[in-house]
Amino acid sequence: MSQDHYIGLDVSARSVNLCAVDHEGRVVHEAKLTSEPEEVARHILALPFAVCRVGLEAGMLSQHIFGTLAEAGIPAICVETRHMKAVLAAQLNKTDRHDARGIAQMMRVGLFKEVHVKTPTSRRLRAVLTARQLLRNKLQDVENEIRGLMRDFGYHLGKVTARDFEPRVRELTADTELHVVSDTLLLVRRGLREQFGRLDDLLVKLARQDELTRRFMTVPGVGPLVALTFRATVDVPSRFARSRTVGAHFGLTPRKQQSGEVDRSGRISRWGDAMMRSLLYEGAQVLLTRVKRWSALKAWAMQVARRRGHKKAIIALARKIAVILHRMWVDGTEFEWGKRPETAASSV
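According to this note's numbering, the sequence shown is numbered sequentially starting from 25.
Do not rely on the hints blindly, as some may be mistaken.
Lysine-lysine pairs mimicking DSSO-like chemistry, simulated, CA-CA at most 30 Å apart [said to hold, decoys possible]: (1) K118 x K183; (2) K336 x K322; (3) K109 x K137; (4) K109 x K56; (5) K344 x K322; (6) K229 x K344; (7) K322 x K137; (8) K363 x K336; (9) K142 x K344; (10) K56 x K183; (11) K280 x K183; (12) K183 x K335.
Worth flagging that the hints you see were computed from the coordinates, not collected in a lab.
When you get a sec, could you build the whole thing from the sequences and use the hints?
Here's what the structure looks like:
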């Protein structure tokens, strides 16, 4: 029996539509299953023909299903979302059943872009990072709401530290009708700060315990947060054949539009992981503006800033930091600060 059978899985929150086609594209089997990964794996293994390739779209449930299929020895492939959307857009009627058929045909002709599925270690670390970012954003939202509320009634906090924020607000609203609202928001802020501090301490502890992360932190501008996020985002360094492609993967390279006589380079693409891109930008900004110790990396960035401007230099530096971190990971090396060029003695 021919082994050229291909399966497409359209995964939703409660169900999975399965479609199998042969090497000529004929539909030979269709089924609608629950979203339980074990049921999907059992159904595929029980089919009366050998399966060459199983495809599913990258999404929230795809990682769990992919892991179960891989453990069962099923050749599963996770397909990039934008690429799949563009291919399936050619269908006249969009249904879950038609999407499963389209995915199966993509597997048959090889018209897909495979994406990396994160390891369990990376997913657990990413969960801590995402929760920390959520608390930080909500904490900032609450503080901005307090400031805006007080400004509407003519009170100005001014510049205060995080520790002095609450006493200052209570001082200004003590004898006003705002104290009930401000007290409620301050209690929420206090709880957010406590839980944010717990996650922040956890990240610092994880960074100290990991040898690779400590090595990343030898790069100026790279702290525990940047190092851990890079480790969790890249996950497996061997999936990048060249280190310089890491910058493009994080959306730090210019867009390109070329057709005939038109050849334009635009702003950075902003594709890839937004959290990693933002942290690399912050790390580059710290290196360029706050780190006092000389390094060949900073000297290079200062030259770019003089030629192209400060903002473009930060983008270029962020991209270069990503390349350096990946190279350090692959080679097992530490950051090289370089030798500062000696000032030539003036002739007498």
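Q) Taking each numbered hint in turn, which are not upheld by the structure, reported in ascending numerical order? A) Per hint list: 1, 7, 10, 11 violated.
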